[in-house]
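> On the provided structure of chain A, position chain B as indicated by the hints.
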Amino acid sequence: MLLPPLSASAKKGELIAVIGKNGIGKSTLLRTIAGLQPSLGGEILYSGKNIAEFSKNDLAQNMGYLSTETVKVSNMSVYDLVSLGRFPHTNWIGKIDNENHSAILNALEKTAMTDFSDRYVSELSDGERQRAMIARIVAQDTGVMIMDEPTAYLDIGSKYEILHLMHRLSQKSDKTIIFSTHDLHMAISQSDKIWLILDDKLIEGAPEDLLIEGTFDHLFDSSPVKFDSERGTFSFKREERASVSLTGEGLMRHWTEMAIHRAGFSISEEKGFPGIVVPSGNSDHWQLITADTTQNFCSIYELICGLIKENIRSI
Amino acid sequence: MKTEKKNVTKNTVASEKQQSLLFLILVFLIISFLILDIFLGSVSIKASDVIKALFNNTDSNFATIILKFRLPKAFTALIVGIALSISGLQMQTVFRNPMAGPDVLGISSGASLGVAFVILGFSANLSPDRINEFGNWILAIAAWAGAGAVMILIMFISTRVKDIMTILILGIMLSSGISAIVTIMQYFSNESMLKAYVIWTMGSLGNLTSSQLNVLLVSVFVGMVLSLISAKMLNALLLGENYASSIGLNVKFSRIVIFSCTSILTGSVTAFCGPIGFIGIAMPHIARILFKTSDHKILVPGTILTGGAVMLASDIISQLPGSETVLPLNAVTSLIGIPIVIWVILRNRKYSGIF
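Taken in order, these protein sequences are the chains called A and B. All residue numbers for the first sequence refer to this note's numbering, where the first residue is 1438 and numbers rise by one. All residue numbers for the second sequence refer to this note's numbering, where the first residue is 11 and numbers rise by one.
A portion of the hints provided could be inaccurate.
[What the hints assert, rightly or not] One side of the interface only, derived from the structure: several residues of chain A facing chain B at Cβ under 7 Å:
no.: 1; residue: G1457
no.: 2; residue: L1473
no.: 3; residue: Q1474
no.: 4; residue: A1497
no.: 5; residue: N1512
no.: 6; residue: M1513
no.: 7; residue: D1517
no.: 8; residue: P1525
no.: 9; residue: I1649
Just so you know, these hints were derived from the structure itself, not from any lab. All values reported here derive from a predicted model rather than from experimental measurement. Note that beta-carbon positions come from the ideal geometry of N, C-alpha and C, so glycine has one too.
Same shape as in the complex, but just chain A (with noise of 0.2 Å):
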C-alpha cells in the first residue's frame, strides 16, 4: 500500500479523526505511527524526538494502540486485559504492585468499566469489550492513543458510547486520540481535527475548515456519493426528476424536504406546481397542488407516492 506524500501534525489532547476512501492506507498509517511496522520512508516525530529511536519498552509508555482484531481468550477477566496494559511499566515477571493495581482500578473507573472487573471478556458485548480494551490502554498510559476503527461492528447506541468514552479521554485525561473511521458524519461532528487522506495527499484541518472548503467533496469524485457540505451528510448523486415548490414551517418541513429530495425533486423557491403545503395549525394533512387538482395525504409516504405518479402523468 502506498501512501501519497504527508505530512500532519496532531497535538495533545487533540482527537483527531483520519479519514480516507477502503485501502488508501489508514491502518498502515495508523501502524506505522504506533510502530508496529517500521515506516516506508519518511519519519515519525513524537516530542521532537524520532519514533525509530525509541525503544520497544519506551515507545509502548507513549503509544497505545487499538485495532479491529478481536481478543478471543476465554478465562480472562476484564482486570487481567486490563492489566495487559501495565505490561511496559512492570518488572520483568509482571508482578502487579499497588501502583500498578490502582493504575488498572483508574483505568476501569474512567472507562465506566468498575462493575466489570470480574466479569470474563469472552462474555461481554461488541461495545463492552472495546471499552474493556480502551481501559487496556488507558491503563498503558500513554500520551497518544491509536485507534484503527474502533467503532467498527458496533450498534449506533455502543458507537456514540465509545466515540463519547474517546471524547473524555482526550479533553479530561489530555490524551491525544489518532482514530480511523469510515463514519464521516461522527467524524465531524466529535473530533478536534481530521486528516483526510485523498490519492495525491493529505488534508488536516478542522472539520469546518475542511467543510468550507469543500475538500470531501474529492473524497467521492467517481462514486455516486455526493457529500451535502451544508449538512455535513451525504446523499447519492441523482438525476433530478422535476422540481417542486414547499410551503410550511419546522420539523414538518425538515422531514418532507428530505422524503422529496431523496425521491429525486428538488426544492424551489418560487411558487409554482407542483407545491406541496405542509401540516400546520389545524390541518394534519399534506397537500399536493398541481394545475388543475389539490389532493390531500395523511402521511409523507403517500404524498410522495402521489408526487412521483403526478410527475410521471405530467411527462
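This is chain B only, laid out in the frame that chain A set:
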C-alpha cells in the same frame, strides 16, 4: 453451595484464596502420588520393607528394586509430566491454538527425527542404554534441534495460514512425513542400529540410566526456569502479536525464548522416554479449568503441578498395582488425555477462544 454460586455469579473469577488452596492441594497430590508410586508396583513389597530400603542401606533385592528402579522411575514420571505440560501450555498460547501440543503438531516427531539421525545415522554404540553422559547430551541436543526445526516450520506456516484446523492437519502431515524419513533411514541402517532405534521407540519411564536422568533433570530444570521467566511474555502474546508488540513486547525475542524452552523440554523427554502422547495437550486445559484464569503467572506453575501429578498417577495406573502386568504408559496417558481433548472440542465447537 457450588450450584448456588453458579446461579448468582456465574462469571466470577477464582479468588486468590481459592488459587492458593488449589496450589496446596496439587502439591499435596504430587507428594502422595510420588510416595504411592514408590510403594506400589508389580512386585508387591511391604511398606516396612520399602521404608527400610529407602532409609537404611540394606542390600536386599527389595532395596535394588526401590532405589534402582522405582525411585528413578517416579522422579522421571514427575519430570516428564512437568516438561510435556509446560511445552503444551506454551505452544497453545504462542500459536493461539487450543489444540496445539508437542505430539499433535509434530514437535515430538521432530525430536525423534533428531534421535534417529544420531542412532541410525552414526553408530549403534550411541544406543540409549549404552552411551555415556556425553553421548546422552548429544542425543538430547539432536532431539532439541529436531523439535526446534519443526517448531520454526509450524510458526512459518501459521503466519500464512490462520485457520486452526488447517494447521493441525499440516502438523499431522508433517508427522507422517517425518516418520516416512525415519522409515527410509531404518531401511538403510544395519541390524544393530535398527535394534537400538526400535528399543528407543518403545521407550518408557523406567529405562533411564542415571546419567540420562541427570541430563533430563538439568534440561527440564532449565526449561522450567525459562518458562517462569516467559510468563509475562506469554500473557502479552494472548492478545496476538500486534497488541503484544503495542504494549512493548519484543515479539521476536520472546519467540526465541519460548521456542528454545519448548524445544528443550519436548526434545529431552522424547530423547529419553520416547514419544508420550496427550499429556502436553490436555494438562494446560485442566489447569485453566482449575484456576479459571488466563494469567500465566498462575497458569505456568499450575500446569507444572497438574502435569506432574497426572503423570505420576498415570504411572501408578500403568503398573496396575496388585497385579504383575504392566500396561504401556502411552496407552494410559492417551486414555486420560483424549477424553479431555474431546471435551474441550465439544465445549467450544467453534474452536475459537478456548484458552
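> So, for every hint listed, does it hold in this structure?
For each hint, the structure was consulted:
1. Proximity of G1457/A to chain B is violated relative to the hint, the smallest CB-CB distance being about 21 Å (cut-off 7 Å).
2. Checking L1473/A against chain B by beta carbon gives a least distance of about 6 Å; that is within 7 Å, so the hint holds.
3. The beta carbon of Q1474/A comes no nearer than 9 Å to any beta carbon in chain B, farther than 7 Å, and the hint placing it at the interface is violated.
4. Residue-level restraint check for A1497/A holds (minimum Cβ-Cβ distance to chain B is 3 Å; threshold 7 Å).
5. The criterion of a C-beta within 7 Å of any C-beta in chain B is met by N1512/A, whose closest approach is roughly 5 Å, and the hint holds.
6. Satisfaction of the interface hint for M1513/A is found here, the shortest Cβ-Cβ separation to chain B being roughly 4 Å, below the 7 Å cut-off.
7. For D1517/A, the shortest C-beta to C-beta distance to chain B is roughly 6 Å, which falls under 7 Å, so the interface hint holds.
8. At its closest, the beta carbon of P1525/A sits 4 Å from a beta carbon of chain B; the interface hint therefore holds under the 7 Å criterion.
9. For I1649/A, the interface hint is violated, the least distance from its beta-carbon to any beta-carbon of chain B being 36 Å, above 7 Å.
In summary, the numbered hints that this structure violates are 1, 3, 9.
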